[in-house]
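Going line by line, the protein sequences match chains A and B.
As numbered in UniProt numbering, residues 1 to 110 make up the first sequence, in order.
As numbered in UniProt numbering, residues 1 to 347 make up the second sequence, in order.
Source of the hints: derived by calculation from the structure; they are not laboratory data.
Glycine included, each C-beta is placed from N, C-alpha and C at the ideal position.
Incorrect hints may appear among the rest.
Among the chain A residues that face chain B by a calculated CB cut under 10 Å, a handful are [what the hints assert, rightly or not]:
1. Lys2
2. Asp6
3. Lys15
4. Ile16
5. Glu37
6. Thr41
7. Ala42
8. Ser46
9. Ile48
10. Glu71
11. Lys72
12. Gly73
13. Asp75
14. Glu76
15. Glu77
Pairs of lysine-lysine residues, derived as DSS-like cross-links and limited to a Cα-Cα distance of at most 30 Å, are as follows [unchecked claim]:
16. B:Lys264 <-> A:Lys26
17. B:Lys33 <-> A:Lys11
18. A:Lys45 <-> B:Lys223
Far from chain A, by Cβ distances over 10 Å, these chain B residues were calculated [to be verified]:
19. Ile28
20. Tyr40
21. Ile94
22. Asp288
23. Cys306
24. Glu324
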Amino acid sequence: MKTYYDPEDLKKFGKIGEFQKSMADKFFAYYGEVFKEGALTAREKSLIALAVAHAIQCPYCIDAYTVDSMEKGCDEEQMMEAVHVAAAIRGGASLVHSTQMMNKVKEISI
Amino acid sequence: MKSLKAQNHPLSDTQYELQLLESQETGIPFSEKLAESGLYPLVPTQIEILQINLGKMCNQVCKHCHVDAGPDRKEIMNQETMMECLEVISKHDIGTIDLTGGAPEMNPHFRWFVEEIRRIKPDAKIIVRCNLTIILANPKFHDLPEFFKNHQIEVVSSLPYFTAIKTDSQRGEGVFEKSIKALQMLNAAGYGQENSGLMLNLVYNPAGAFLPGSQEGLEAEFKRRLGSQYSISFNSLFTITNLPISRFLEYLLRSGNYQSYMEKLIEAYNPIAAANVMCRNTISVGWDGYLYDCDFNQMLELRVSCTTSQHIKDWSLESLNNREIVINQHCYGCTAGAGSSCGGATA
Ligand code: SF4
Ligand code: SF4
Chain A
1 MKTYYDPEDL KKFGKIGEFQ KSMADKFFAY YGEVFKEGAL TAREKSLIAL
51 AVAHAIQCPY CIDAYTVDSM EKGCDEEQMM EAVHVAAAIR GGASLVHSTQ
101 MMNKVKEISI
Chain B
1 MKSLKAQNHP LSDTQYELQL LESQETGIPF SEKLAESGLY PLVPTQIEIL
51 QINLGKMCNQ VCKHCHVDAG PDRKEIMNQE TMMECLEVIS KHDIGTIDLT
101 GGAPEMNPHF RWFVEEIRRI KPDAKIIVRC NLTIILANPK FHDLPEFFKN
151 HQIEVVSSLP YFTAIKTDSQ RGEGVFEKSI KALQMLNAAG YGQENSGLML
201 NLVYNPAGAF LPGSQEGLEA EFKRRLGSQY SISFNSLFTI TNLPISRFLE
251 YLLRSGNYQS YMEKLIEAYN PIAAANVMCR NTISVGWDGY LYDCDFNQML
301 ELRVSCTTSQ HIKDWSLESL NNREIVINQH CYGCTAGAGS SCGGATA
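Isolated chain B (complex conformation) (with noise of 0.2 Å):
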């Protein structure tokens, strides 16, 4: 499978995507749903997280990727924009890194990034979403859990099921597998058990066009499944609603859910998740150092409103704090039921 970019895919083209998602049918515009909330316009509370895409290249191609990431994108961070990126990170009181892909590991410059990170900020949280194939992907992959433990990194990988018919439907043939390999790498690091001090925390989104269940029912369900048939062990489990956007939304539109997924979206809108969305306390930066309210805006190109301070070399914390939150129709994504969020439900 090739990415939607390398195929020409008209949904490659973020302006027809937007047209697309503001002229359909029953959308009711989020705006008005927001201001119903008393929510509008949307306005960060403080940035505690800075969430930075290393690259769209990615080892796997996965059905529902809204980053439409694949071994054919070439796309990714230079030496040049992560030391922009360090020098914000030094210079401000960023609790969370959160360090992202496509594979971030498959960026050449990673493992540096990850050591000058933990240098300047010894107590910062950094997160690596990891794909947990990757670590079985190439010999010179095989130590990253090593790799982790010792510069105490935050885990996150995603696992739709606990079954290889599932996961492979949206991950690509052979991915349960090597998950399965490489969670049980991780726990024999000390990941996920208990009093070691390392997370390892899964994410959970629906394999089609539904939403996710209730996070606490799920976690316990793969806690269950995965410690009595694999043995392994793990932090929590976030669950993530797909946002219609990029490869997950060209699968609605072929499948003809596009109309009711929407509609079960607008319908599930709900204000507490609205008033915790994850743009609120986040700046995501994206491959060539450009800023976006959040991963999906970065996908859409939608960069941060503020046009003094686009780019992570122009960094000014007063206009970012002082920003409207770009929003469409996708961000319907991230308020239903029980919320979405890069970290899990929000409400």
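With the rest of the complex left out, here is chain A (with noise of 0.2 Å):
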């Protein structure tokens, strides 16, 4: 069956370059650096890009970074709430946006 997503093309990300190198060597190397341990531990990187991963709905990074989330010792629990910390922020993000349509009605309102 063809389908828009594989999970074998998760393997095949790291083959970008084929069609444009340098540009996927900057972004890889550029990758590779905001992941390492820094300010923010990598796991707490990891809890991040999951849920990111989740607010951009990428099929390929919720299982790369869910598989991720538990290598770097995460619990379901906390995997969990970082999915919420994103819906929180997607959901928020439409309800402030009332605001202006609360805004709106009022203007044109009696």
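Can you join these two chains into the complex? Each is in its own frame, and there are hints to help.
Below you can see the structure in the form of structure tokens.
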């Protein structure tokens, strides 16, 4: 069956340089740097990545950062809380725009 | 839960296990990878550690156990074989004696054996791989922390996670709570406390089909959580990768994770870890006295290749030092990522 998303494609991520090498090389060098232990621990970064993966709804990233979070010693509760953070920000982002709607309603109402 | 052996499971047949490992679809032979790193044939550096398996008997039946240990396993080392081990220990310059099982303390000659080792090698590092719950399993084991302390034993204990759900799902119902109590008893005896000289190291292995993360990061997290929630302190955390054999292999196959786990191990092959695999400085002794390159090979019944020194009673340092280490696809577990050994990461 043909689908838009194939889990096997995740393994090909490293090969995107085939069509444009210099940008891919720069991206992966940057990517590696970002996820290194820094002011934030690699574990904290993994949980952030997991939350962002849910916000942008990337199935590849969800798979990858679920495994990565578990490898870094996060448990189910922590991972679900990270997803709730993403959900809260997503939901909040919609809701905060309702102030614009409310302003408009008030502007055009008698 | 019963051992695979008691269930008469096909995976309790080591020939079947090996066939399965070798017939894997995407498996680049481990020997090829070693050759690429200039390490084939794999040979020892120097024998520094004698790891002695005192038996397959255990009070637990952990889901990932590569020994297939449990209360239903009756194979334990007898005193005669222990004496043969003592003979080797007294004659050779082996700095570390690592006692494992099963639960080594369940062997009725355990204490005598430890006392004898300490007597003939006052300065040796003696490690006991204690599963923690054994300390609480029976009143006769309650004084183990004191016994360990009196003989300056280094205690190495498994604790797969700092929460009950994850620990119990791997090691059995109620194991976490008992492990915490046992750790507190060890701490009370001075283990894991600063400047006591009594070493308490924990072993982390993933509760599922994934690799361990950074040893440093996990150690920091374990110290933080065990310290703040249970006032437990310990020295180091060793991360160990689950090797695809025995009960962990059974889990991989049953859960449909086998293929992807093997791919992951192969993909994560690290030549630095390969150069530091523990079989290069260790000899593993089985409960019946036979010699192996490591505990994993022991469970796969892959004896050392030098035919003149296959049993502890025929110990020949020269032939063992000149042997070729027996390898197979399970070895990828020792070379993935930061590497894995009984002492944790190797790269
Ligand atoms: S992993 Fe250790 S404690 Fe668990 S069953 Fe095996 S030998 Fe016993
Ligand atoms: S499984 Fe044993 S023989 Fe194979 S690399 Fe690991 S320690 Fe060496």
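Exercise. Which of the listed hints are not met by the structure?
Worked result: Going through the list in order, the structure violates hints 1, 2, 3, 4, 9 and respects the others.
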